[in-house]
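Asker: Letter by letter, the chains look like this.
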Amino acid sequence: LLDPMADKLAADKHVRYILMAEKKKESFESVVMDHLRMNGAYWGLTTLDLLEKLGSVSVDEVVSWVMTCQHESGGFAGNTGHDPHILYTLSAVQILALFDKLNILDVGKVSNLHKLDIAKLQNEDGSFSGDMWGEVDTRFSYIAICCLSILKCLDKINVDKAVDYIVSCKNLDGGFGCTPGAESHAGQIFCCVGALAITGSLHRVDKDLLGWWLCERQVKSGGLNGRPEKQPDVCYSWWVLSSLIMIDRVHWIDKAKLVKFILDCQDMENGGISDRPDDAVDIFHTYFGVAGLSLLEYPGVKPIDPAYALPVDVINRILLTN
Amino acid sequence: MHGRPRKASNPEDEEASAAKAVKLRVLQSQFMSNHHDKMYNSLFFCYRNLMIGSVSFRLLIICCLLDVLGFWASSYTKEAIELSTKLLEINPEAYTAWNYRKLAVEDTLSRIESDPDLFKSVLDEELRVVESALKQNFKSYGAWHHRKWVLSKGHSSTGNELQLLDKFQRLDSRNFHAWNYRRFVVELTNRSKQDELQYTDDMISRDFSNYSAWHNRSVLLSSLLARNADGFVPNQKIPEEYRFVRDAIFTDEDDQSGWFYHLWLLDQTVNVETPLLTSSWPSHGSRVNLSGSGGLNDSSSKLPSFCSESGSFPLILYFDQDVGGVSSSTVTIDSELKGNEDLVWEPVSNKSSEVSCVWVTRLKYTSTEPQKEYKVKLRIGNSPGIVSSRGCNFSSPYEFVFTAHVHDNVEGSQEGIVSWTDGFSNWDAQSVDLKSLVTFDQLNAHMDLNWRQEAIAEEIDLFRLLSDSKIGKLTLARLLVAEAMISDDAIKGVNYKEILKLYNDLMALDSSHYQYYKDEHTVALLHTVTSSTESLSRHLFQYSDMNNSVCLRLNKLSLSRIASVEKLLFVQMLDLSHNELHSTEGLEAMQLLSYLNLSHNRIRSFSALDSLRHVKQLRVLDVSHNHIGKHSVDTTRYLCSSPLSNSEWTQDEAGRQMPSLATKYWDAYFVLRDLNLKQLDISGNVIAGDEFSSFVTQVVPKLVWLDGQKVRS
Chain D
73 LLDPMADKLA ADKHVRYILM AEKKKESFES VVMDHLRMNG AYWGLTTLDL LEKLGSVSVD
133 EVVSWVMTCQ HESGGFAGNT GHDPHILYTL SAVQILALFD KLNILDVGKV SNLHKLDIAK
193 LQNEDGSFSG DMWGEVDTRF SYIAICCLSI LKCLDKINVD KAVDYIVSCK NLDGGFGCTP
253 GAESHAGQIF CCVGALAITG SLHRVDKDLL GWWLCERQVK SGGLNGRPEK QPDVCYSWWV
313 LSSLIMIDRV HWIDKAKLVK FILDCQDMEN GGISDRPDDA VDIFHTYFGV AGLSLLEYPG
373 VKPIDPAYAL PVDVINRILL TN
Chain F
78 MHGRPRKASN PEDEEASAAK AVKLRVLQSQ FMSNHHDKMY NSLFFCYRNL MIGSVSFRLL
138 IICCLLDVLG FWASSYTKEA IELSTKLLEI NPEAYTAWNY RKLAVEDTLS RIESDPDLFK
198 SVLDEELRVV ESALKQNFKS YGAWHHRKWV LSKGHSSTGN ELQLLDKFQR LDSRNFHAWN
258 YRRFVVELTN RSKQDELQYT DDMISRDFSN YSAWHNRSVL LSSLLARNAD GFVPNQKIPE
318 EYRFVRDAIF TDEDDQSGWF YHLWLLDQTV NVETPLLTSS WPSHGSRVNL SGSGGLNDSS
378 SKLPSFCSES GSFPLILYFD QDVGGVSSST VTIDSELKGN EDLVWEPVSN KSSEVSCVWV
438 TRLKYTSTEP QKEYKVKLRI GNSPGIVSSR GCNFSSPYEF VFTAHVHDNV EGSQEGIVSW
498 TDGFSNWDAQ SVDLKSLVTF DQLNAHMDLN WRQEAIAEEI DLFRLLSDSK IGKLTLARLL
558 VAEAMISDDA IKGVNYKEIL KLYNDLMALD SSHYQYYKDE HTVALLHTVT SSTESLSRHL
618 FQYSDMNNSV CLRLNKLSLS RIASVEKLLF VQMLDLSHNE LHSTEGLEAM QLLSYLNLSH
678 NRIRSFSALD SLRHVKQLRV LDVSHNHIGK HSVDTTRYLC SSPLSNSEWT QDEAGRQMPS
738 LATKYWDAYF VLRDLNLKQL DISGNVIAGD EFSSFVTQVV PKLVWLDGQK VRS
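Sequence order for the protein chains is D and F.
Per our numbering, the first sequence runs over residues 73 to 394.
Per our numbering, the second sequence runs over residues 78 to 790.
Treat the hints as calculated values from the structure; they're not laboratory data.
Quick reminder that beta carbons are idealized off the backbone N, C-alpha and C, glycines included.
Incorrect hints may appear among the rest.
Capping the alpha-carbon separation at 30 Å, the derived lysine-lysine pairs in DSSO-like fashion look like this [claimed, not checked]:
id, chain 1, residue 1, chain 2, residue 2
1, D, Lys279, F, Lys452
2, D, Lys97, D, Lys125
3, F, Lys452, D, Lys327
4, F, Lys441, F, Lys452
5, D, Lys329, F, Lys441
Derived CB-CB ranges, DEER-like [what the hints assert, rightly or not]:
id, chain 1, residue 1, chain 2, residue 2, range
6, F, Leu586, D, Gly372, 48 to 56 Å
7, D, Gly372, F, Gly462, 26 to 34 Å
8, D, His275, F, Asp565, 27 to 35 Å
Okay, chain F solo, but in the shape it has when bound (with noise of 0.2 Å):
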């Protein structure tokens, strides 16, 4: 029981509470009693509209007889009807009662329609019983819902119901039945926003720890400002509800009520609702080197070549947020590579899903006429049709070009096992060679920046006199990424560095949440390794085994999530390994990916690795030395398509063959069926054995290497 003390029970409570609860159940089963002989009543009702037009028409007459005597309504009598109020005066929660109420009320009003007084007393009882069950048990579903329902049956005064939520809510100004119920009769009486705007003014002036009311604040307030009523326009009304809140988060550091709301602001500052592309593969100006399946032998570009044996590369747009809508008709491609007139863009995400934040095509090229360079141009958003999933429109149409240079085919494929562990040389491009790989972010030109900077650099003053406390240093950390996202590279560098002194700070001070801070140093620290092609180009190695493909190496950064993936679209060799990820969500945009080692890091489950279904061009992957298998809980278990998320019932044949494996290796099932790995590496996790690999070698029927070992030739 909620808030009710463990004691030893002493002999007289005991009496009293067994005597409470005779009562109680004397009244129960009377009142069971009573619904049921209703219940068989009408159970009779239906028996005989049935019987019309067959042959019982002497029982039809008897019936039709007791109909107009009366004998039907009788059964909802006075006595009953008292004791299903006595019952809910002691326990609203009956719920059969409420409803055995409803049945009465609706029998007597279909009988008394024509006088409008005996109208309204019935539904005053309803409201007056509602009333007194609601001091029994103020959290009672069943009671709020009887009187919604007294309510939409046209009682006429509902002006009173405003009056009686300010004496309940003075009482308990949390209390969600309430805030809801009150959001009901706002819609029911065309009570405007705005003078429910003043009421959460005035219960958080009378108490700013009151989260439901500024929740309630948020939800008015956005659908003002979505609207643009009067005087509701953001360069006035946000900077103004920063103040307000301010007061609040001042008052009491640790008190969260203005947390959230102030977080919102925030993102109502910096982010805009129409979406915008972020970046592409390949990027504007860029020069891609082409060529058939295998390896490549250019030593005339420092440039990494995109190899494939399908004989098609991808286009990839990424853009600020998931949108819909992207196809042949809203991207338009001149190109001379032959063959790509009807492209079909595909999202990049969940099968169920058609919005995505990346978004892919493959174009078609062939290699039988080497050297030759052709110049593709894409147009986007000419004519409309990409839209966010809040439904705004991708407004500001953008093209960009690039030249693909198809090389010769190379003979000999790679078939050969890669090794993480050496072979790596610094790579000495250029960085007007990476400048082309790299897009960086454009700022949306028809964002009003000034009053969105000023707010911003407002709140930054005033939240370092609150950089002791915990909500200071967060508030302050995420006020800084706003500024850098709305300024330019001076600023961002700043920034950053106090940012990420800012999350080891909150490690230490609040470790109770530490693996929140750290997931945030994480998006910085990536942030700050890709936002210059001086710190990119750092962590950029030669991998001499494979024709000098270049790879870019994170490893051991302590890594604890992905992020600033809208960087890394060309990376097609990359190297995790010894962090501490625990997933590959993020991965999924980096379509060009080829091989990728996340050995000594916390996965768990192959459902932790679903992202990579979507990256087609995954051959090699080593998930050596993680966890899978150790842990009886999955957090990935539904981010992962299987029947469990009703996203995925086929069965292949190794499934039909294995179904008890299958099952048993669920996640390693669904998820490495779809990548054509081949090389796989698994040794070092609870799961590895000889049973597993078994397995795998029969799901994977592509792969070459498992561990090192040679499975098929």
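Just chain D, same shape as in the assembly (with noise of 0.2 Å):
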């Protein structure tokens, strides 16, 4: 018996829709988005790969930009001439991850003695700033746990601080905020759990207590919100699935419901994904759909990595293997 969902899904259009959406960028959309087209390439690239369509882009081409990104010190900038952040450092980890191109940051240049700038981030307390501006955010630890992990060298920091700043944040809720006092946020929960993942330190999160925040963002049309009393939005399909799946707490949402609702917010027309039904779409809830579909075993879609944001064979290839 074949699927009923299976031929709902409009992959092709997706794919053409991200291959258009790159080179789209005159529209006023894109030029806003200029400062954070590393985010953009990852979120495309990622989606082509769970669609089994990277090949349809020039490997280097792609690489040779990200390089064009790189500063001095090892970290990434979001576009060509922009400053650099752990947030573009992070995309630019994970395109060359997928391209199997990481060997790339260990031949010359500054980046091989600095890992990408990364460690000198770390502050006194365990938690990281985002660039030289010292703005803190737990989602700059999961950024920084996640990419030395990648790059197999999680020893550059002090990990037991990291985590130990991470579950400070850890609210009444069971959730995470960005700072300790922060309100529980989906997003931020996924970073936090993500880096408690990775670091192998998930019994530091109360599960039946988070589990229950989280399966409440689901609310009656299956779409999934992140915060209490908002609205569904298809991003969040992947930040709190994702992170109910690491706490192996995802049987307690409506999985078909969900699916329902994020096939119902494409645009069967012109390809992409929007954040609900009948919106505009973008690259962002494009990826966060597709990914999210993943998540749901979806037919068609690869597996992606709840914690690293990658297909898990990309993350498999690279972790698993000596």
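From these two lone chains plus the hints, build me the complex, please.
Answerer: Below is the structure:
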């Protein structure tokens, strides 16, 4: 018996949308997003890989552009000419991982010494700054830990302190915020749970309490919101779902309803996925929609790793082989 | 784009958008060019410093001259800064522009330090730019951080900030950036926590559906309670807070804002911070039969015997929460058994962790002097050192005594195949025997029960009025569990009957969260099964094939998770077949477990069996007819020690010889190689097959039986 959902994902249209979006640089939206092109590239390329279409882009072209964004210190900028920031350094590393080109970071340049500048961003209390200007956020803790784990040099930072800082951001609802005392938010929870997963520290999470908070993010339409009493949004199909998977509580939501919500957010004509049905699509939500479907074992979508946010085969190749 | 409608673009809109785009692009490239000029200048500046002491004296002199003339400073021109203002007002997310402004501000401040008015006006201008950027995008991380950065430079008028925030927070009362900034300003200005608590009162009274305000309230209140601030004592404040949050829940029972706050209050009511010992094996006053390797033929006792090839048996301590610091200095043992002077206690948990609610050590014994009885006495917590992960001391010293009875070393070790299908008969042990096996948890003598019981009783009465709704039923079930925790057995029995019914109702009422209620139902069911010797004995059987070992059979109960393990520490043979389990999390506490049947469950991968790695005694495992290999998503991938979680790096001989299979079957590889299995059943799983079987026999060198076939003798 064929899966009734199997023909409802407009995979080819989404692929075309991603490839087109890359060429369409004159719209206001794409100019506003100019400074985070590195994130955009990661979202687009990972989606292509999940749909088994990574072959349709030129590896050399992408990799050489990525390398134009690297600074002397080792960190990457969101685009050529912008300042380096840890947010874009992770995307750059993930893109290189997708293409199996991480070895490019090992040759020449100061990057090898500084390991992309990340270790220097750790503060005395274990937290991480995003760049030299000192903004502190658990998003940056995740990024540092994820990046260094992919590069197999987590020993460059104080992992125990990093973990303790993340745990200090745990709230009384079981969730995590961006700094101690800050409100729980599904995106932030993904970062904290992901960092704890990568460092083998998930025993520090109150899984039942957090699991209940997360599964109550599912609203009547089947979609997930990011905080209580907020609207559902396709991007939480990733943040909430991956967190629920990492703590083994994903069976607490109705997966079929969520699949339907994501599919309802597709632009069936021009491709792409939006935050909610009938809103304008963008590459960010296209990635989170497809990644969410991957976590829901949707046929035809490659499995994605819930902690590293890269296809399982990519992360297994890096971490499970010598 | 968030919240922007999808529509067919009309030519006029497209034109307008294109024009805007051109304008912004010009602005951005002008800015970038200013930024780069500055960067090259500062690079040159660095270069100049490096040259000091080198041979380029002429160049150095030129540089110094230029420096004196103020050439370097001039690159932050008024025009360039205004350009960055314009850019940020259109696109507050252009982070490089914020960086540029910070460089410019630092540069200016370094030259005008002596002039406080000028100093203030520079920072005022930054605050103004942030404010207009926030009007464009209230969620801009860069803008909020820039404001914090400006204030940390020593801006004097921090008082204005709370007024500005009031304005913003009225417009968007859930904006978490604003709340974070509020906490930052409160700390900077040393505003009192009581005042901030009042602010959450005001926000909630204006609109109770404000989760952010409830969250902040929980943070403030727990801090005030923790430091015993004036008037903040739990027996007064917590009942008050129940009344406060009740209004919110009863106003709109579908609004989640108060749900989590109520659950937090409930937790504060029944759980005390001081760690307690829940149970142990052996338990107080019990008699333990020990023998050497092999089975037993002890007909004098109806009690199961413990046998071990290693000549030692585990001592298990089970606490009500994670603790650290269990050691031979915090737990003293008086024993006639020789060779136990330097006992090492280990947490039963993840390798990297030094805390656990289960601790184990191994006590040595020899069977050279058979039929002898030895008394063992444990004293826990006489000297300080056992501390909960929240930093509270185990403060109620406790001691218990048991007798170890060493038997003959019986010939012939257990090499036969264990069948789970027949050979079971009802166990006719007396309940007095059973009582010595199972310890029942003690109440905390130091706990002030009165106000807690009253508060919960009042809540139960009220939530019965709401028991048509989902949150009404769920809260009632949780309140009944809480009441049972701090009440005697009679109340417990009545409560659990109702709790089971409530969860059944919830499964039908809120089917999206069916499995959540199912799991809670299972917890309640296992609680009921283990609540008395009578109910437990209905599940205990004798297994004739193994010298009448006692087997706990919890099969066919539709269990979906593991619970109440603290009551089952004595179990050596456990049948959990034909349930709905997808993980063995929790079984790690059962340190005596040797035979485990998990067939016909919903195990999806070997990583779901990770907790069994701690069960050193396990020899026979049946995971046939599960879902291993069927799913592409592994929900226990990160609950298992492996290189993915940076908690396992070593490869043994088998892994080195079969690198590609060790990668392909990584979860089986990392879990099975740590289990000392003699018998394993994996048939009826997608993963099963010749390749996997031959892999398993190499990874588990002591395996004798695989899927009913002898693979080694």
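Asker: Each hint needs a verdict: does it hold in this structure or not?
Answerer: Here is how each hint holds up against the structure:
1. Only pairs whose Cα atoms come within 30 Å are accepted, and Lys279(D) paired with Lys452(F) is rejected, the gap being roughly 40 Å.
2. A hinted pair counts as satisfied when its Cα atoms are at most 30 Å apart, and Lys97(D) with Lys125(D) qualifies at roughly 22 Å.
3. Between Lys452(F) and Lys327(D), the direct Cα distance comes to roughly 56 Å. Violation of the 30 Å bound is thereby established for this hinted pair.
4. Proximity of Lys441(F) to Lys452(F) is assessed by CA-CA distance (about 13 Å); at most 30 Å being required, the pair is judged to hold.
5. Taken as a hint, the Lys329(D) and Lys441(F) pair is broken in the structure, with Cα atoms around 56 Å apart against an allowance of 30 Å.
6. Roughly 35 Å separates the CB atoms of Leu586(F) and Gly372(D), a value that falls outside the hinted 48 to 56 Å.
7. Taking 26 to 34 Å as the suggested C-beta distance range, the pair Gly372(D) and Gly462(F) does not conform, at roughly 57 Å.
8. At about 33 Å, the CB distance of His275(D) to Asp565(F) agrees with the hint of 27 to 35 Å.
Checked against the numbered hints given earlier, this structure breaks hints 1, 3, 5, 6 and 7; the rest are met.
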